[in-house]
Amino acid sequence: MTKTALVTGASRGIGNAIAHRLAAAGYRLTVSARTEPGLLTAAEELRAQHGVDVHPVVANLAEPEAVQRLAAEHSARYERLDLLVPCGGVGTAGPIAEVPLKHYDLTLNVNLRSVFLLVQATLPLLRKTSAASPENGAKIVALSSITGVAAEPGMSAYGASKAALISLCETITLDEHARGVTATAISPGYVDTDMASYAHDQVDSASMIRTGDIAEMVLAVSRLSANATVPNIVITRPGTAIWRP
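Residue numbers for the sequence shown follow our numbering, so the first one is 1 and each next one is one higher.
Simulated from the structure, these hints should not be mistaken for lab results.
Cβ coordinates follow ideal geometry from the N, Cα and C atoms, glycine included.
Among the clues, some could well be false.
Quick list of the computed label-pair ranges, beta carbon to beta carbon [to be verified]:
1. S225 x A97: 34 to 40 Å
2. I235 x A48: 26 to 32 Å
3. K128 x A97: 46 to 52 Å
4. A178 x E98: 44 to 50 Å
5. E170 x I96: 21 to 27 Å
6. R223 x P95: 38 to 44 Å
7. A132 x E170: 39 to 45 Å
8. R69 x E98: 21 to 27 Å
9. L40 x I235: 29 to 35 Å
10. P238 x E152: 36 to 42 Å
11. S225 x D175: 16 to 22 Å
Sequences are here, hints too, so could you generate the full structure?
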């Protein structure tokens with residue numbers, strides 16, 4: 001049986017790189033993003049380059065109904081889910097005294113609540129897939145951030161959402177490992193995407209982590225047996241400040 005994956009935030013950046021790496025490995029994909037034009041273009045490129053089935057679903061992760069619909073569409077199309085990759089997210093920067101509540105709420109809703117809801121909605125299918133493939137089980141690999149491991153000034157809302165995501169992944173494994181479902185957080189420093197362009201005055205893009213590095217980690221975790229799990233993978237740039245972005 002051909003494996004399937006659901007990847008959010010797949011129209012660009014890290015999510016797009018992950019989708020391409022999984023498609024190259026033969027996965028059938030459901031890919032989602034908030035806006036339609038970029039998502040449809042990404043889906044067409046995935047099909048053309050890798051020859052796999054790709055199902056694009058426009059979904060605003062800030063809306064619980066959209067998250068539920070995303071899970072339902074994947075289930076209806078593929079009837080199995082080997083790998084769930086919550087990669088869609090938003091960034092909020094600024095001193096804690098100046099962060100508006102609406103920005104805090106949006107950051108937590110997209111970066112944390114949507115993952116919680118998507119895992120809840122896909123758990124029946126993840127469990128079913130694990131039961132059918134007990135050697136490998138079913139995996140969740142969520143994109144966190146090194147800011148969730150080592151705090152960075154001006155990242156109170158974003159860092160809190162990513163730290164909570166790491167904890168959520170650990171709890172999912174504790175709750176679901178007996179059914180063969182495990183979760184891993186990937187916590188990179190600055191990755192060379194447009195989302196990290198604000199940091200170019202501090203870190204040259206040429207020295208940033210590549211999106212392909214993250215994609216390789218996702219694929220590696222997907223290949224682990226059900227007897228092994230990695231709670232959190234921290235990926236950082238070489239140098240003296242190794243625990244900083």
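Each hint, compared with the structure:
no., hint, result
1, S225 x A97: 34 to 40 Å, "48 Å, violated"
2, I235 x A48: 26 to 32 Å, "29 Å, holds"
3, K128 x A97: 46 to 52 Å, "48 Å, holds"
4, A178 x E98: 44 to 50 Å, "45 Å, holds"
5, E170 x I96: 21 to 27 Å, "26 Å, holds"
6, R223 x P95: 38 to 44 Å, "42 Å, holds"
7, A132 x E170: 39 to 45 Å, "25 Å, violated"
8, R69 x E98: 21 to 27 Å, "35 Å, violated"
9, L40 x I235: 29 to 35 Å, "30 Å, holds"
10, P238 x E152: 36 to 42 Å, "18 Å, violated"
11, S225 x D175: 16 to 22 Å, "20 Å, holds"
Hint compliance for this structure: hints 1, 7, 8, 10 are not met, and every other hint is.
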